[in-house]
Amino acid sequence: NAGVTQTPKFRVLKTGQSMTLLCAQDMNHEYMYWYRQDPGMGLRLIHYSVGEGTTAKGEVPDGYNVSRLKKQNFLLGLESAAPSQTSVYFCASSYFYRSVETDTQYFGPGTRLTVL
Amino acid sequence: AQSVTQLGSHVSVSEGALVLLRCNYSSSVPPYLFWYVQYPNQGLQLLLKYTSAATLVKGINGFEAEFKKSETSFHLTKPSAHMSDAAEYFCAVSGGGTSYGKLTFGQGTILTVHP
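Those protein sequence lines, which keep their order, are chains D and P. The first sequence begins at 1 in our numbering and counts up one residue at a time. The second sequence begins at 1 in our numbering and counts up one residue at a time.
Source of the hints: derived by calculation from the structure; they are not laboratory data. Even for Gly, the Cβ is constructed at its ideal location relative to N, Cα and C. There may be inaccurate statements among the hints.
Unchecked claim - Covered, in the sense of this in silico footprint (three residues per stretch, anywhere, with C-beta under 8 angstroms from a C-beta of chain D), are these stretches of chain P:
no., segment
1, 36-47
2, 103-114
Unchecked claim - List of simulated lysine-lysine pairs, DSS-like, C-alpha gap at most 25 angstroms:
no., chain 1, residue 1, chain 2, residue 2
3, P, Lys58, P, Lys102
4, D, Lys71, P, Lys102
5, P, Lys58, P, Lys69
6, D, Lys57, D, Lys71
7, D, Lys70, P, Lys102
8, P, Lys102, P, Lys68
9, P, Lys68, P, Lys58
10, D, Lys71, D, Lys14
11, D, Lys57, P, Lys68
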């Protein structure tokens with residue numbers, strides 16, 4: 001199993017450009033998440049999905065959109081990139097076993113995005 | 001609302017010394033608590049988690065943490081540090097009654113291990 005993979009690993013954008021980050025998991029997990037990591041702030045939830053075809057907003061959703069057309073994939077889009085979106089983006093997934101609140105989230109290796 | 005505070009953004013220890021990373025939480029409901037580790041240029045990996053069973057939780061790589069409700073703490077310890085323990089450590093809390101397993105993370109603590 002590859003676990004959780006993210007594409008691309010690095011990206012540099014100019015202000016106003018758009019891009020899509022791809023997250024894929026091969027563990028048949030129902031739940032998927034997108035976080036951003038900024039120095040001194042830990043990880044903050046951007047959007048999440050509780051199943052194929054469903055998405056919802058997290059703590060910091062502004063400027064981002066997501067889609068989950070297939071169970072194994074969760075896409076994060078930036079429509080018009082801004083320097084404030086310079087960050088490291090992590091995707092995670094979890095399997096609903098007994099309680100979603102105690103299930104382990106498995107993280108991808110991250111995408112480092114710089115917006116100039 | 002839930003929150004996590006990690007005391008000390010940087011901790012430095014000598015190889016073989018005790019590792020103590022501090023985490024305090026705030027939660028209006030019984031919390032579930034997690035410690036994750038992030039090695040350089042990698043994603044987060046679960047070290048251990050507290051899910052209301054035993055208050056002393058043992059994790060991977062010799063780490064353990066004790067849930068203390070009276071102190072609202074979940075400190076991470078390891079008796080003897082190894083060079084390979086150098087990483088960033090995150091404490092996180094869930095249990096806010098959501099349907100999607102919302103995790104609230106602390107700010108992170110960078111552990112440096114000196115030879």
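Now for the hints, and whether the structure bears them out:
Residue count for the segment 36-47 of chain P with a Cβ under 8 angstroms from a Cβ of chain D: 7. That meets the three needed, and the coverage hint holds. Counting residues of the segment 103-114 of chain P whose CB falls under 8 angstroms from any CB of chain D gives 5; the rule of at least 3 is met. Between Lys58 (chain P) and Lys102 (chain P) the CA atoms are separated by roughly 23 angstroms; this keeps the pair inside 25 angstroms, and the hint holds. As the CA atoms of Lys71 (chain D) and Lys102 (chain P) are separated by approximately 19 angstroms, the hinted pair is consistent with the 25 angstroms bound.
With a C-alpha separation of about 18 angstroms, the suggested pairing of Lys58 (chain P) with Lys69 (chain P) holds against the 25 angstroms cut-off. Taking the CA atoms of Lys57 (chain D) and Lys71 (chain D), the gap is near 18 angstroms; set against the 25 angstroms cutoff, the hint holds. Annotation: proposed proximity of Lys70 (chain D) to Lys102 (chain P) holds, straight-line Cα distance about 22 angstroms (limit 25 angstroms). Our distance criterion of 25 angstroms between C-alpha atoms is met by Lys102 (chain P) and Lys68 (chain P), whose separation comes to about 22 angstroms.
Taking the CA atoms of Lys68 (chain P) and Lys58 (chain P), the gap is about 15 angstroms. The hint holds against a cut of 25 angstroms. For the proposed pair Lys71 (chain D) and Lys14 (chain D), the alpha carbon gap of about 31 angstroms is over 25 angstroms, so the pair is violated. Restraint check for Lys57 (chain D) and Lys68 (chain P): not satisfied, since their Cα atoms lie roughly 32 angstroms apart, outside the 25 angstroms limit.
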